[in-house]
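Given these sequences and hints, build the entire structure.
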Amino acid sequence: MSLIKENILLLPSDPVRIGFIPLIDCAPFVIAKEKGFFAHEGVDVVLSKEASWASIRDKVAFNVLDGAHMLASMPIAATLGIGTIKKAMQTSFTVSHNGNGITIGNALYDELQHYSDSSADIRSGAALKKLIDSRDHQAVPLRFAIVYPYSSHNYQLRDWLSRVGIDPDKDVQITVVPPVKMLDALKSGEIDGYCVGEPWNSLAVEQGVGHMLVTGYEIWGSTPEKVFGVSSVWAEQNEPVHLAIIRALEKACAWVDESANQPELLSILSHPDYLNSTVEQLVYGFSAIKPKGQFDWPMEAYQRFSGSEINKPLPSYALWIMAQMHRWQQLEEVPSLNDVAEQVYRKDLYYKALGLDMDDDDSWRLSSGIEPNWLEAVSSGDVRLHSEGILKGFNE
Amino acid sequence: MTEPPAKELTVMLVDNEPARAAIVEQAMTDSGYRVIRRLENAKNLTEAVNQYQPDMVIIDIESPDRDMLENMSRLSQDNPRPIVMFAEEDDSRHVEAAIRAGVSAYVVDGVNSGSVKALLQVAIARFREFQALRSELESVKSQLEDRKLIDKAKGLIMKHQQCDEPAAYKALRKLAMDRSQRMTDVARNIISVMELMGDSK
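Order-wise, the sequence lines are chains A and B.
End of the first sequence = 396 in the UniProt record's numbering, gap-free, step of one.
End of the second sequence = 201 in the UniProt record's numbering, gap-free, step of one.
FYI, nobody ran anything at the bench for these hints, they're computed from the structure.
Don't take each hint at face value.
To be verified - Mimicking DSSO-like on lysine-lysine, the simulated pairs with C-alpha atoms at most 27 Å apart in a straight line are: (1) A:K49 - B:K141; (2) A:K86 - B:K117; (3) A:K59 - B:K117.
Structure below.
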């Protein structure tokens, strides 16, 4: 252990380096930069396009980046040292809720027709369960792709499969494919389906290579998807800059959610420096227009960026994610779930940044009777998310 | 000449930069490690790892395929040798040096960390060397570009002011000093103004 205290204080002249992954939900970062919200807060931000979630995590952990567009579960995994070196990370701003979906390829969809009485059987996964049961045990298992092992995509896919009695570890194979390669992997038959964010579900439908079955919203209700994550040492040493970034992101999120701004938003995002794709491809990520297919998105399933219920960090979600990690054998035990949730999902800085009175609501805390059994209670299905999502809490 | 004895550790190298991969592979071989596979395109990385069963995977930090390796950290039916990112808690300086040099490393659970560190050192050194070479190349290139811009601007000034080269250079230099801009930037401005006026010949 190094005895020298890490010193990563930014000087006023230093640009702030923020990493992002070129996905629809990096929009608030791009807009805060391009529309001058960062500059207005006096922060000179340099955005850095990153190639993988692992790279985002490592560069934030070792201060190659000051902060980043992160999967909501990433600061938790890093803080607990799951799949990586243990480095305390935190978030005080949720960038988006929702936007995921599960899509399967045409071949699997056609096969499922033989095992279903109605389209509901296909969408629920019931037909998939029947198909798997009827398959030869020696057959190559069906393959589903996710984007990262410690992500809502992984946990939602596993939850959806297990609800109909499919064992995500034994009955199917779950692999990782970078989002931009998902469509090709589905086309080539390398994978049979995937759980990913938009526009990759809509594009599969539009291009006729797959069928979308269910949205993340229908599995979990409204839940955080991406956050602005920083290392805790950095946050401690650079609070004024951290708070200024949160203010800028809050304004950018409101801008992104304003439908009048959509044409400009799509044109900025499509730029080679950002998503490097066509406006036509991106439109599905935001608008109510979805490709013609057999499936309608419920309004609530769209990605949402703005409003206090979206942007405020929810420690209850950290509790939920730790339970998912436990359920899928990524995490054994945590001495105090409440403490980790509070340290990683820092509500206080959100209120401080926006000059609001801190809410004293700590109803999210697990009581001392529940805390020791919480991970198990969620894993066994005794505790579930409210059907409308995390804001409504849990059903027992 | 006798070959150095092959050390136990086997390595898979994943790098989209063929020149760098060749340098790193050579360095590893020279240090007595066995590079069992070098991949430029990491398509089906998971299968390649399962097939060749390396003790260690060294991968460019900028590779989009790193996330596939992150998924192999669990012992499961189709993943009999779980691999984890090399990240020793007691020695995070090693990891930091690797990340700054653009190297990330995954090791099979339980592999001796001493030899992993030694091998990581070899990779870090070569990645750094390559980084230095490339930035040198880039600076030479940009110097050349600067030269070209300045020559072109000088030519335009000579033609319009009907002056000789030293005078044109002096004029350019004065303009740069007055505006506290780089000579190259002034040259670029002059060229674009002339182009606008339809005369950049």
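Okay, the hints, checked on the actual structure:
1. Our distance criterion of 27 Å between C-alpha atoms is met by A:K49 and B:K141, whose separation comes to about 24 Å.
2. A threshold of 27 Å between alpha carbons decides the hint, and for A:K86 with B:K117 the separation of about 18 Å falls inside it, so the pair holds.
3. For the hint linking A:K59 to B:K117, the alpha-carbon distance of about 20 Å falls within 27 Å, and the restraint holds.
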